[in-house]
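Work out the full structure: start from the sequences and follow the hints.
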Amino acid sequence: MNAANYLYVSALLFTIGAIGVVVRRNAIVVFMCVELMLNAANLAFVTFARINGNLDGQVMAFFTMVVAACEVVVGLAIIVTIYRSRRSASVDDASLLKR
Amino acid sequence: MSGFVSPVLIYSLIAPILIVLGGAVLGVLVEAFASRKIRPVLQLSLTIGTLVLALAQLWRIRHETSGGAAMGSVAIDGAGLLMQAGIVFMAILGVFLIADQENFTVLAAAVPGSPEEAHSIKSGEHLTEIYPLTLFAVAGMMLFPISTDLITLFVALEMLSLPLYLMAGLSRRRRLMSQEAALKYFLLGAFSSAFFLFGAAYLYGFSGTVSLSGIGAAVSGSNGNSVFMLIGIGFLSVGLLFKVGAVPFHAWTPDVYQGAPTPVTAFMAAATKVAAFGALLRIFYVGFANAYWDWRPFITVIAIITMLFGSFVAIAQRDIKRMLAYSSIAHAGFLLSGVLAMNKAGLDASIFYLIAYGVATLGAFGVVTLVRDSAGEITDLNRWAGLGKRSPFVATVFATFLLGFAGIPLTSGFIGKFSIFSAAYESGNKAVVIVGVLSSAIAAYFYIRVIVLMFFTDPVEDGTSVIIPSVLTRISIVSAFVLTIFLGVFPTPLLNFISSTAIFIR
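Those protein sequences? They're chains A and B, same order as listed.
Quick note on my numbering: the first sequence kicks off at 1 and runs consecutively.
Quick note on my numbering: the second sequence kicks off at 1001 and runs consecutively.
If you're looking for bench data, these hints aren't it; they were derived computationally from the structure.
Only true hints are included.
Heads up, incomplete: computed chain A residues facing chain B, CB under 8 Å, no partners named:
1. Phe14
2. Val30
3. Met37
4. Phe45
5. Asp56
6. Val59
7. Ile79
8. Leu96
These numbers were taken from a predicted model, which means no experiment stands behind them.
The C-beta atom is built at its ideal place from N, Cα and C for all residues, glycine as well.
What follows is the structure, encoded as structure tokens:
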């Protein structure tokens, strides 16, 4: 199968994630969209590893998964704290810092 | 496929990072097991001891140059060691400010204003997780500018960012604002990491290797898909430009600088800038040097709008922390002209500028922690009026930092700006230099306006006072003050040291 198709899927996932971050208002959904972008990058890495015929890209994908897991821990901690003090996880409600 | 080959590590060369990481892990254990009476003192001395030890080890290996310290993943060279030393030094000054635990929440997990929080305050149960978090962030910052492959770069980027997201939310007063800053920093930071990673994937696809020197070789060769290369360079740059706070990726900077506890802002503003620009310089000088004509227009435009936007918007700010945040955006633009220079003079100037700017930033935010009323720090500029009459020494120190930012002669900022703009001019980036000088003049306007406000306006009696700082805060502010003047009057020793040691190995 043509490896380029996986790159198209990866680009599509990345775009969906990026649009989601910009338009969605719930912090958890925004965060899920970021995770989607990270996974799109992972898919690109694995595809390129296949195209280039070496393992560096697959190693990178593993590192990304571990880092993404750490990011979930930190991110959910922050979102839960803010939810407990405001009873809302909307990024629009958090607007004390005005320009 | 040959058998498994065990990796070769040269421990003495990566020891500075390992020392900091070890200290951070010990700090977590101390946090868990030490009794609450001795914990603050124990944590503080452990943190400072670790950082001093790391600095001593950096001094011992100052003449080393090696690309094989960790199987080609990190480069030990003059430029990298200088930036590591700068980061550790700024971290020490930053920890002196952080040591004033008055600024931090006693129990980050408690809801603001809840009975749990009140109980913790009453019983004196003060958590000190800020120290290990600082050390983890410092380790990531030290790894970032010496990484030579995309994997290490990404891991270091996250290692320095994740603790900072948490630290931004630890303020004792205005806790909702502080938590909001943490949320914004986290969401936008994770967003930019995704861009960085996606760019890294395409660079790997283009060159077939994750090492920067391999990418550099592939960039100069003619085979390979140049669309992949352009996508890779573009997305990777977006991720990095976000970290340094360049326009249009700056949206988080004012909010996070304002909402985070001021000592954390001081540490973050100074040390993150060194780490992020260190990595940016290495990636562009080593990896993308041969694609100079592809990325030069892009970075030139970013540098120009960053300088102008930062300087103009800072004029309109009524909050001292937001004003310093916009000034840091303008400085990111000045520093980008050092990246554009792409010559040895540009590298030397950038390192000098980073050190001078970082030290002055630490001092300036250190002074902001001192001006308070009964409800906490005062960041409203109007209430700083007449500070020079109330406490002339503190106002003079703050004025010196502002003059340093503005680039007035006899301060470190002047030498930094002069050398970075002359390096950019030599390499033919005249437009950037002209805009840079113009926006320095615009920026000087709002720095000097604050000085006029402090010294030539009558004070209003509204409970504003300058507290007597603790010994450590005093050491931190005074050493930043002395360095800002010293590097402005006698810059030659440091400039010579930088120009004789600062190289990037490939």
